[in-house]
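K.L.:
The chain contents come next:
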Amino acid sequence: MTSGAATALVSELRDAQHLPLYRRDLLQRVVDEILEEYAQLEKGIEAWRSGSSQQGSRVEDRALQGSLLVRRARLLRNKRCVLAYLVNRLRRVEQACWNRDPTIYSGPSEDKGTTGRATALLSEAERTYASRYEALLAAYGSAVGLDLRSALLVPPKEEFIEVRVLEDCGDFFMASSGQSAHLAKGTVHFVRRADVELLIQQGKLEHLTPKC
Amino acid sequence: MPHRCEVNDQIPALQRAFCEEVCAPELLPFRASLVEDIEAVIAFQEQRVGQHSAYASSGDREESDTETAFRRSLVAQLQRMDLERVRYLLASYLRVRLWKLQRHAAYYQQEAEGGSQTSMGRLSMHEQRFLKAYLDNLATCLHEAFLKHIPESLRGLTDTEKHQSGRNTEIRMVTEPDFSETVMAVAGSPGQLAASVSAEQAAADSASMPEIHCVSYSMVRDDILQEQISLL
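Protein chains in written order, with the UniProt record's numbering: chain A, 1 to 212; chain B, 1 to 232.
Quick caveat, the hints were computed from the structure, so don't treat them as lab data. Cβ coordinates follow ideal geometry from the N, Cα and C atoms, glycine included. Mixed in with the good hints there might be a few duds.
[Unchecked claim] Below, computed lysine to aspartate or glutamate pairings styled on DMTMM-like, alpha-carbon distance capped at 20 Å:
#, chain 1, residue 1, chain 2, residue 2
1, B, Lys100, A, Glu206
2, B, Lys148, A, Asp61
3, B, Lys148, A, Glu60
4, B, Lys148, A, Glu37
5, B, Lys148, A, Glu134
6, B, Lys132, A, Glu94
7, B, Lys162, A, Glu124
8, B, Lys148, A, Asp25
9, A, Lys157, B, Glu46
10, B, Lys100, A, Asp32
11, B, Lys162, A, Glu46
[Stated by the list, open to error] Far from chain A by the CB rule (all over 12 Å, computed), these chain B residues:
#, residue
12, Gln10
13, Ala13
14, Asp82
15, Glu84
16, Gly114
17, Ala133
18, Glu161
19, Gln228
[As the list claims (entries may be wrong)] Calculated from the model, a selection of chain A residues having no Cβ within reach of chain B, i.e. all distances over 10 Å:
#, residue
20, Glu12
21, Lys43
22, Asp101
23, Thr103
24, Thr187
25, Val191
26, Leu199
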């Protein structure tokens, strides 16, 4: 019982720049440790109570009390490590939702290329969390009349911009003009920024900034 | 004859509100009336842009109207640009508030449950709904992933670490905004800040710039919440 699994969970997340794989195995080990510690703690408390009532030696009592306190502190530490791990992961999931990161959104059946990664990247609970969080953002956006994720993240400087298509998007409907444009990979278009902002955020288009 | 440019004072007010929200470590009171006004401005501007665009794009007009159509098209383009900027500003204001709300969601919820008028007053109705749903979602996720597997007595967010000496340490996992963060406070009137900050600091700061002070947020928090002091 060295709390190594809990420490490994936290340090792995701390060292990772991007969201690392969900470590179900490590988390299960920590849960097992907590349950075992808890059982030991209950036994120890029982022993301490019965020992006190039988007027055992004061030194033994103090020793037992000390070991119980250490055990409890370790148990709480393990719990905090796991919560820190989960909450930190959820924050990164939220960030990915804001950025519309496709590796978070794509389910196992939809994304053949990254199936393994997408499946293991998030736990079942995290996937549910991500989808509910998205729905929550959408509900808030419709309540205030703005889709905050689609709204510009940098101050708009020009109405029309030049973009290069990085990923084939097919025929894309331009809401402002009511016309559609065929966005084939590698082509360059001069379009209204508001129409394609979402595609830029998704990484399907590249904004070509004019060279001064 | 040139038209008089109508200056809308709500836009600078929203800019100030956004800057203050970015600078303050905690959520400031929601500027409900200002946001309503801005929404009305956006709706009005959209209507104007629509009118100008419709006129500019209509084909059947006389030769003499061509110049007017061109002018209207130009005006529509400028107004659309302006509209995008106002939308950006409003979205940024709401977005930064949402981010702050999420960062310390449990803290604001506990404040609200504690009956703090300040806390509930500073959130809009939509933000209150968001906060509740957000925390529900978070609690469900943590429960499903971890908390349901451990004994019920360990599931709280506040633990007490006991020591052999009898002294207990409370470990709270609900993070609070950092009230000791240093902010740049701007007084609405001369001498207003001196009452909040220490005399020595006020004297030192007043030597260089009498109305702006670099202080800990906690020192000017009450004045900021009452909108008597603004942040830079």
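K.L.:
Look at each hint and say if it fits the structure.
P.N.:
Results of checking the hints against the structure:
| no. | hint | result |
| --- | --- | --- |
| 1 | Lys100(B) with Glu206(A) | 30 Å, violated |
| 2 | Lys148(B) with Asp61(A) | 33 Å, violated |
| 3 | Lys148(B) with Glu60(A) | 36 Å, violated |
| 4 | Lys148(B) with Glu37(A) | 16 Å, holds |
| 5 | Lys148(B) with Glu134(A) | 24 Å, violated |
| 6 | Lys132(B) with Glu94(A) | 16 Å, holds |
| 7 | Lys162(B) with Glu124(A) | 36 Å, violated |
| 8 | Lys148(B) with Asp25(A) | 17 Å, holds |
| 9 | Lys157(A) with Glu46(B) | 19 Å, holds |
| 10 | Lys100(B) with Asp32(A) | 35 Å, violated |
| 11 | Lys162(B) with Glu46(A) | 17 Å, holds |
| 12 | Gln10 | 16 Å, holds |
| 13 | Ala13 | 18 Å, holds |
| 14 | Asp82 | 10 Å, violated |
| 15 | Glu84 | 4 Å, violated |
| 16 | Gly114 | 22 Å, holds |
| 17 | Ala133 | 5 Å, violated |
| 18 | Glu161 | 6 Å, violated |
| 19 | Gln228 | 28 Å, holds |
| 20 | Glu12 | 16 Å, holds |
| 21 | Lys43 | 14 Å, holds |
| 22 | Asp101 | 17 Å, holds |
| 23 | Thr103 | 19 Å, holds |
| 24 | Thr187 | 25 Å, holds |
| 25 | Val191 | 14 Å, holds |
| 26 | Leu199 | 17 Å, holds |
Of the numbered hints given earlier, the model fails hints 1, 2, 3, 5, 7, 10, 14, 15, 17 and 18; all others are met.
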